[in-house]
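Based on the sequences and whatever the hints tell you, model everything.
Chain order of the listed sequences is V and Z. Here the first sequence is numbered in numbering that gives the first Met the number 0, starting from 0 and rising by one per residue. Here the second sequence is numbered in numbering that gives the first Met the number 0, starting from 0 and rising by one per residue.
The hints are simulated quantities; they were obtained by calculation from the structure and are not laboratory data. Glycine residues also receive a C-beta, built at the ideal position from the N, C-alpha and C atoms.
Distance condition first, Cα-Cα at most 30 Å in a straight line; then the derived DSSO-like pairs of lysine-lysine: (1) V:K240 x Z:K117; (2) Z:K73 x Z:K56; (3) Z:K73 x V:K8; (4) Z:K260 x Z:K250; (5) Z:K118 x V:K8.
To list a few chain Z residues with every Cβ distance to chain V over 10 Å, as calculated: (6) L8; (7) L181; (8) Q187; (9) R240.
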Amino acid sequence: MAETLTSGKLTIRVVICLAVLVVVMCLCAVVGTQEISLKKVFAGPGQKPGENIDYEIFVGVRLPRVILAALVGAALACSGVILQAILRNPLADPYILGISSGAGLGAITAVIFGITWNFWGGSPMAVFAFAGALGTVWLVWFIGRFTGKSQVTSLLLAGVVINAFLSAVIMFLTSIAKSDQLRLTIYWLMGNITEKSLSVLGVSAACILAGIFALFCISHRLNVLTLGEEEAKGLGVDTTKTRAAAFGLAAFITAVAVKLSGLVGFVGLIIPHGVRLIFGPDHRQLLPVSGIIGGIFLVIADTLARTVFGQEQLPVGVITAIAGGPFFLFLLAKYSRKVSWLK
Amino acid sequence: MSIIKVENLSFGYRSKEEILKEISFEVTSGTFLAIAGPNGAGKTTLLNLLCGLLSAKAGSINIDTTPIETYSVKELAQKIAVVRQEFIPVFDFTVVQVVSMARTPYLGTFGFESQTDKKFINEALEMTDTARFSSRPLAELSGGERQRVFIARALAQNTPILLLDEPTAFLDLKHQVDIYDLLKTMQQEKGKTIVAVTHDINLGAQYADVALLLGADSSYQHGYAAEVFSAEQIERVFGVRGFTGRIDREKFFIPLGKFAKDSSQIGRKPDSSA
Numbered sequence: 000m001a002e003t004l005t006s007g008k009l010t011i012r013v014v015i016c017l018a019v020l021v022v023v024m025c026l027c028a029v030v031g032t033q034e035i036s037l038k039k040v041f042a043g044p045g046q047k048p049g050e051n052i053d054y055e056i057f058v059g060v061r062l063p064r065v066i067l068a069a070l071v072g073a074a075l076a077c078s079g080v081i082l083q084a085i086l087r088n089p090l091a092d093p094y095i096l097g098i099s100s101g102a103g104l105g106a107i108t109a110v111i112f113g114i115t116w117n118f119w120g121g122s123p124m125a126v127f128a129f130a131g132a133l134g135t136v137w138l139v140w141f142i143g144r145f146t147g148k149s150q151v152t153s154l155l156l157a158g159v160v161i162n163a164f165l166s167a168v169i170m171f172l173t174s175i176a177k178s179d180q181l182r183l184t185i186y187w188l189m190g191n192i193t194e195k196s197l198s199v200l201g202v203s204a205a206c207i208l209a210g211i212f213a214l215f216c217i218s219h220r221l222n223v224l225t226l227g228e229e230e231a232k233g234l235g236v237d238t239t240k241t242r243a244a245a246f247g248l249a250a251f252i253t254a255v256a257v258k259l260s261g262l263v264g265f266v267g268l269i270i271p272h273g274v275r276l277i278f279g280p281d282h283r284q285l286l287p288v289s290g291i292i293g294g295i296f297l298v299i300a301d302t303l304a305r306t307v308f309g310q311e312q313l314p315v316g317v318i319t320a321i322a323g324g325p326f327f328l329f330l331l332a333k334y335s336r337k338v339s340w341l342k
Numbered sequence: 000m001s002i003i004k005v006e007n008l009s010f011g012y013r014s015k016e017e018i019l020k021e022i023s024f025e026v027t028s029g030t031f032l033a034i035a036g037p038n039g040a041g042k043t044t045l046l047n048l049l050c051g052l053l054s055a056k057a058g059s060i061n062i063d064t065t066p067i068e069t070y071s072v073k074e075l076a077q078k079i080a081v082v083r084q085e086f087i088p089v090f091d092f093t094v095v096q097v098v099s100m101a102r103t104p105y106l107g108t109f110g111f112e113s114q115t116d117k118k119f120i121n122e123a124l125e126m127t128d129t130a131r132f133s134s135r136p137l138a139e140l141s142g143g144e145r146q147r148v149f150i151a152r153a154l155a156q157n158t159p160i161l162l163l164d165e166p167t168a169f170l171d172l173k174h175q176v177d178i179y180d181l182l183k184t185m186q187q188e189k190g191k192t193i194v195a196v197t198h199d200i201n202l203g204a205q206y207a208d209v210a211l212l213l214g215a216d217s218s219y220q221h222g223y224a225a226e227v228f229s230a231e232q233i234e235r236v237f238g239v240r241g242f243t244g245r246i247d248r249e250k251f252f253i254p255l256g257k258f259a260k261d262s263s264q265i266g267r268k269p270d271s272s273a
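Here's what the structure looks like:
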């Protein structure tokens, strides 16, 4: 990308990506174990319920699920972009750094201890997930401050340890849980997208989109922040405020995504990296485009998860981890620089 | 008119040790100040105080007759641009992207550059001769080219004051001279006030109008560059003996160590060598 980014160019690219997202979502909504025809879907709901089953499957089951996958993908990809910018580490990802586990631990605590009280209308699961995510973000940042600028791997190591610790706590909690909760909880931990009610979908969509929009408004400051604290201050960026806002918002959208779908890994790593390779590192573009591509990626991954084995559905986290694990290792080798044969 | 006014400035990283002790000096608008001194004398510390990154323990700094602490981060970035040692950013930003970041303190809500912003960016690229590789990532440039990019960024920031921290460290001779030529041009054509921390006394003496020599014992000398960078001062502050010479109006100083091949040169004064 030689030229400078203008709002016009960005709008065109975002609209094109959105169009691709919509097409992919429609295609994936048609694909499934139960075959449906688009022609019948477009015929409308019919006079009485149950008359047009194809329409009801498409609108009532497939479409919400596809929208859910797109939202989760967008949130995780954007969260990855933000974490990479603030930690100045191209290998950061909400899953790898244990932030997803933090949110998961929060959510699972609420479920297993049967906490039902409400905060300002938010369900306890969402509030606990957010608290867990925020706590882990703080912990990661705190460790990151000690590990210095160039230590790409030490921060990741800290993330792995946090992740392992939180996972152990989660496993402990699931092992003392009642058996009827068990299978669902384990599936959720592996990253599982299921059909959700429209109201849940609406609230989550509003939260995630608002979070991404707010992040977009500070994305030009994130560009400067990736040069380091001193440089950013010299260029007029209040680093403390910007960092706090970015961390808070990233934790927020991660928490919403985790509450919806459990621990889906590596989306925040693969997508921003791919987008950066093609479109360059300018966050004003990287953030929205990564969000949309992240949505596309997870919609496809979820479609695979629910169709590959016929009636038996796989957790989508299994698909993303199988794709993401090797990719992560490749990047680790590339950025560690010590491995010369990959450079 | 003095654009920077430092009065009785003291600073230490620990409560009892003071690196800088009661320093006072003024920088006249449109002049070139070189700050020199041995390692640990507090050159970079002083620079960080001047750009608001550190705050003084005692004394005051006024920028444009206003105390530095009353500026917001954004306002200060419209007064002072800082160039540190060149580095490769973590992400693959291109030259034009890095230079564009200079406009951050002027951008609106969504952070897109206006036509005015673009004018400043292009001017800075032209003036520093970085326009020809403006679409290349910084990692692909040489150290000298990269430093020009950071100077271009400082130029695009359109500030009256420019602070530089050892801008020519790790650069070869030609690039060192190029950078100083560029700074002098900016001073003379754009009327910028330039404050540069430097280890190179010879280039400092050649280009700077005024000099501040910081000693490791918290002493300091401030005055015309030609007077401050005298053989006696340098030998006293740096604790190294050397040979001082003069070619026309340019003075130079060559340090001579224990194993110098002709130790009879030590202590020769510029006058006697003429």
